[in-house]
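What follows is the residue order along each chain.
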Amino acid sequence: MINLISLWAIPAILFIILTLGLVKKIPIYEEFTEGAKDGFKVAVNIIPYLVAIIVGVSMLRASGVIDSLGHLLAPLLEKFMIPVETLPVMIVRSLSGAATLGLFSDIAHHFGPDSYAAKLTAVIVGSSETTFYVLAVYFGSVGIKKVRYAMLTGIIADFIGIVAAIMVCSYFFHPSIG
Amino acid sequence: MNYIFYFLIVISIIAGAVNGKLPDVVNSILTGAELSVKVAFSLIGIMAFWLGMMRIAEKAGLINIIAKCIKPITKWLFKDIPQDSHALGNVALSFSANALGLANAATPIGLKVMEELQQENKNKESASDAMCMFLGMCTAGFQLVPATVIAILVGAGAKNPTEIIAPTMIVTSIAFISAIIVAKIFSKIWKKQEVIND
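These protein sequences, in sequence, are chains A and D.
The first sequence stops at residue 182 when you use our numbering, and every number in between is there.
The second sequence stops at residue 215 when you use our numbering, and every number in between is there.
Think of the hints as simulated: they come from the structure by calculation, not from any bench.
Note that CB positions come from ideal geometry on N, CA and C, so glycine has one too.
Among these hints, one or two may not hold up.
Subject to a maximum C-alpha distance of 35 Å in a straight line, what follows is the list of computed DSBU-like cross-link-like pairs (lysine-lysine) [what the hints assert, rightly or not]:
1. K28/A to K92/D
2. K55/D to K139/D
3. K92/D to K45/A
4. K176/D to K85/D
5. K150/A to K96/D
6. K139/D to K88/D
Restraint-style ranges between C-beta atoms, simulated for each label pair [claimed, not checked]:
7. I31/D to F19/A: 47 to 57 Å
8. E180/D to K28/A: 15 to 25 Å
9. N36/D to Y33/A: 55 to 65 Å
10. L26/A to Y23/D: 49 to 59 Å
11. I30/D to V167/A: 41 to 51 Å
Make a model of the complete structure from these sequences and hints.
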């Protein structure tokens with residue numbers, strides 16, 4: 005059922021937009037190309053912001069600081085029945101989408117897709133967004149320099165999401181470590 | 018943003034030096050820069066496509082219809098935006114795209130929303146309350162079908178990959194609602210602070 009909705013969502017949206025446009029006698033081809041012109045402009049405009057955030061995050065990942073943090077927090081994690089290997093995902097989740105998916109498929113293959121670690125990671129990845137990327141790109145595209153409380157809101161919501169994921173997963177899947 | 022940028026790079030350099038990974042850190046500058054341009058260029062085509070479709074939807078009045086349907090909610094969420102603005106219809110579209118897991122469509126629509134919110138913004142360099150609310154909602158990433166996640170689980174040979182859907186929905190709803198509440202609370206605190214600072 006859910007797969008069916010995913011499959012038909014885009015075709016249905018396109019059908020509705022184009023049919024409604026034609027019924028209302030809108031020159032849909034001309035309007036489409038007119039709107040599409042902005043695609044290049046927007047994509048090029050966000051390059052500086054992408055470079056800043058992606059280079060920064062790549063450097064952070066290469067430096068090994070995330071692994072060090074994992075070692076540091078390991079005792080605390082065990083107390084809450086959180087598999088240690090999920091910590092890098094929690095840290096990287098807000099920073100980089102590609103890195104998160106990489107870590108997640110690594111966990112799914114290494115510990116098995118039916119392991120508690122894989123399920124917890126799946127829920128964390130599926131329920132959140134790459135906060136810093138979205139902030140940098142969305143604000144960058146319109147030239148906002150002062151983000152005010154947007155970043156703090158994103159970070160707090162991410163944190164609440166992770167805590168909720170840990171609680172909900174331990175209820176659904178019964179962790180068994182140690 | 019200034020501090021985040023500074024700390025991202027300085028911490029990487031210090032940690033890289035401590036861990037003996039300084040060459041990796043330096044190399045990652047090149048790969049990161051390359052990747053950013055790749056990401057931007059891979060966006061151009063799909064961006065153009067959805068921006069074109071959105072323009073038809075706008076001209077056909079579809080965005081206005083959606084905006085009217087969700088007016089009761091947006092009136093509360095985006096107080097400082099005129100309720101007949103195109104932006105609000107696009108906000109609804111952007112979240113529908115997100116909820117359905119259509120990431121390719123969500124970014125172009127989201128950027129269009131930002132452009133429209135910027136037109137209503139009084140101080141062009143500072144984020145408006147509406148922008149902070151929209152971004153908060155976006156970064157919470159409300160998603161009904163975590164399609165990519167399920168695909169990876171299936172690829173790894175999971176017995177029952179769809180069992181993560183229910184917990185994901187619960188968690189994503191909690192995060193989404195928290196983002197809205199937090200943004201609302203902060204908008205009050207920040208307003209007071211800014212009055213004092215002025």
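Hints, verified against the model:
no. : hint                        : result
1   : K28/A to K92/D              : holds (29 Å)
2   : K55/D to K139/D             : holds (34 Å)
3   : K92/D to K45/A              : holds (31 Å)
4   : K176/D to K85/D             : violated (44 Å)
5   : K150/A to K96/D             : holds (20 Å)
6   : K139/D to K88/D             : holds (22 Å)
7   : I31/D to F19/A: 47 to 57 Å  : holds (55 Å)
8   : E180/D to K28/A: 15 to 25 Å : violated (45 Å)
9   : N36/D to Y33/A: 55 to 65 Å  : holds (56 Å)
10  : L26/A to Y23/D: 49 to 59 Å  : holds (53 Å)
11  : I30/D to V167/A: 41 to 51 Å : violated (31 Å)
Hints 4, 8, 11 from the earlier list are contradicted by this structure; the remaining hints agree with it.
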